[in-house]
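> In the order they appear, the protein sequences are chains A and B.
Residue numbers for the first sequence, in this note's numbering: 1 to 137.
Residue numbers for the second sequence, in this note's numbering: 138 to 599.
Errors might be hidden in some of the hints.
Said to hold, decoys possible - Each computed DSSO-like pair below joins lysine-lysine, with the alpha-carbon atoms no more than 27 Å apart:
| no. | chain 1 | residue 1 | chain 2 | residue 2 |
| --- | --- | --- | --- | --- |
| 1 | B | 489 | B | 269 |
| 2 | B | 539 | B | 519 |
| 3 | A | 112 | B | 269 |
| 4 | B | 485 | A | 24 |
| 5 | B | 364 | B | 342 |
| 6 | A | 2 | B | 267 |
| 7 | B | 539 | B | 263 |
| 8 | B | 489 | A | 113 |
| 9 | B | 342 | B | 207 |
| 10 | A | 24 | B | 519 |
| 11 | B | 342 | B | 579 |
| 12 | B | 263 | A | 2 |
| 13 | B | 267 | B | 485 |
| 14 | B | 500 | A | 24 |
It is worth saying that the hints were derived from the structure and are not from the lab.
The lines below spell out each chain.
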Amino acid sequence: MKMQFDIAGGDFSAAGGASSEVKKTLKQLNIPPATIRRIAVALYEAEVNVVAHAYSGVMSVEISPTNIWVQIADKGPGIPNIDKAMEEGFSTASDHVRQMGFGAGMGLPNIKKNTDSMELKSVPGEGTTLEITVNFN
Amino acid sequence: MTTPQYIHAIQIDTEICIGCSHCMRVCSTQAIRIVDGHASISPERCVDCGECYRVCPMEAIYVKDDRLAKGSKDYIYKIALVPAVFFGQFPVKYSVTQISDAIRELGFNEVFEVEQAVDFIKSEYKRIAKDKDIVRPVISSFCPSVVRLIQVMFPSLTENILQLKPPHDIAAIYLREINSTTNIRPEEIGIYYFTPCAAKIVAAKAPEGEDESPIDVVVSMRELYNKVYKLLIENKSDKDDLKRRSSMTSDSIKWSLSGTEREYFRGRSLAIDGVENVIQFLEILESGRISDIDFLELRVCDQGCAGGIVCPGNRFLAVERIGERQKRLQERLKENKKVLNPLMEYAKELQKVSKVKEITPRKGLLLDENVEIALQKMAKIKTLNSYLPGFDCGACGAPTCKNLAEDIVKGNASMSYCIFVQRIMEKNYKLSPEQAFLTIEKIWGKNRLNKYKDNYGEKEVE
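Just chain A, with the same shape it has in the complex:
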């Protein structure tokens, strides 16, 4: 099962739409509710990252009987220091973004916590690609 969603940078009102669709799909499969919750949280955080930092992005999803693989690739400023970005509480979000309740620096650590594997690649000035996998059992 494959799905793909476009994510618009800066559109906070629409943030969460893609992760919500994925969650709706997962509910029709016999996957433990706690796992669905972990996936929903990770995808929402990833989606918000694109909205808050990048210009545009694409979420690609592949669901197999045993796991879900998601790639979120964005066009944006990229992450100059990935290790730093993974630290809890570290954020480069602008005041504008923080005022909207985002940018607490918990996004990436939260994604890592809720997934079984996570890979982050970034080219400063071009964009960032995040790949995550969550096993169903």
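Assemble chain B onto chain A, guided by the hints.
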């Protein structure tokens, strides 16, 4: 795949139902289909919210309850367990005492207001709010339709549902307890619960997370209302309400409405009423977008239980009257010192039995138990859906095109149910007009189209 038997109070009388599909269009869980000219409800998906009951123009949807006459011979001591919204159904000129007396006249030995148990719930909330390990936001277990809605539509949120019995259960357990010391045998005590909605009938018959219900008979409020109103008009007793000492905390009577319960759970909380509002919020909660709320008070009906489907009166009037009664109770409190709620003397005993088992998800959304098969079905649904027009016209007997695609994959429908697909099939000689007609009759019932006269009314279609 074992299919659990789900009990429902919302029923369709197929003798009266004309299959007009009004109900199908408003069902929040897409539980309704039109088959053979009648509405049919899926027990796996129905949450007894009663939205279908509200819109049925034929009054073909009914709430299945016990009748008031049930058990009248079996019980020596009959207790009426009445929620505060019942008193709000009557004009203010009738006092709570007069209404209670009228209920007694109908053969009850005791009238007990459900909200008397709210003081106990408040004390539990105080304790539970301190628990740092509890999954937040804690979702109130008060509205049984909300509990079922989460079980069906939001499986990953079942762990947020508070494992606490609702006030009517606590009140019934208390009534059993205090009457256990009398000479009457337990089986001779009959507890009758009068409900404002269908979901509470189900909750009292088959409570989630409990093995058995402490309630014996569940009756829709409407039947009691009609009988009581008749007596109130006939009786000319005086208003002596104010002389009696109350054991009711004034704001407890507003517990079942929207906005009071949340104030008793420390921290940040929301009160949400109306089924669509509740669904919208649970949707964003399940998507992981809300992280700092401690408590959710959710009611499927707008204005909470005052908007219950078998409440005979207007919900806004009921809310106003309950508010007026609260003011009267507050006034009396100034004169009469402290409220003494006898139920709270049993708080320790009640606490031991007040917890319910963990609430588990239902299988209403599952395509198959096996993930691999479910994925295959999902792919088929996606393909079929891409051929459907996407109008959600409902002429196929399903509320949306996607629902039809699902029904086809489940083996309950076929592509030719879609009237747009029918036209294409007829054009390509894949379906004869006769076959198309039969298909329509299969959904909407035999002879359904006969009232249409061809040739501008000159000749009837045979």
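> All hints are to be evaluated individually against the structure, with a verdict given for each.
Structure-based check of each hint:
1. Among the hinted pairs, residue 489 of chain B with residue 269 of chain B is consistent with the structure: their alpha-carbon atoms are about 21 Å apart, no more than 27 Å.
2. Our distance criterion of 27 Å between C-alpha atoms is met by residue 539 of chain B and residue 519 of chain B, whose separation comes to about 8 Å.
3. Of the pairs offered as hints, the one joining residue 112 of chain A and residue 269 of chain B holds, with about 24 Å between alpha carbons and a cut-off of 27 Å not exceeded.
4. Our distance criterion of 27 Å between C-alpha atoms is broken by residue 485 of chain B and residue 24 of chain A, whose separation comes to about 43 Å.
5. A C-alpha spacing of about 24 Å is found between residue 364 of chain B and residue 342 of chain B, which places the hinted pair at or below 27 Å, so the restraint holds.
6. At most 27 Å may separate the alpha-carbon atoms for a hinted pair to count; residue 2 of chain A and residue 267 of chain B exceed this at roughly 44 Å.
7. Of the supplied pair hints, the one linking residue 539 of chain B and residue 263 of chain B is violated, its CA atoms being roughly 45 Å apart against a limit of 27 Å.
8. For the suggested pair residue 489 of chain B and residue 113 of chain A, the alpha carbons sit about 37 Å apart, so the restraint of at most 27 Å is broken.
9. For a cut-off of 27 Å, the pair hint linking residue 342 of chain B to residue 207 of chain B stands: about 14 Å separates their Cα positions.
10. Under the criterion of a C-alpha separation no larger than 27 Å, the hint pairing residue 24 of chain A with residue 519 of chain B is consistent with the structure, at around 14 Å.
11. Simply put, residue 342 of chain B and residue 579 of chain B have alpha-carbon atoms about 35 Å apart, too far for the 27 Å limit, and the pair is violated.
12. Only pairs whose Cα atoms come within 27 Å are accepted, and residue 263 of chain B paired with residue 2 of chain A is rejected, the gap being roughly 47 Å.
13. Of the pairs offered as hints, the one joining residue 267 of chain B and residue 485 of chain B holds, with about 18 Å between alpha carbons and a cut-off of 27 Å not exceeded.
14. Taken as a hint, the residue 500 of chain B and residue 24 of chain A pair is honoured in the structure, with Cα atoms around 14 Å apart against an allowance of 27 Å.
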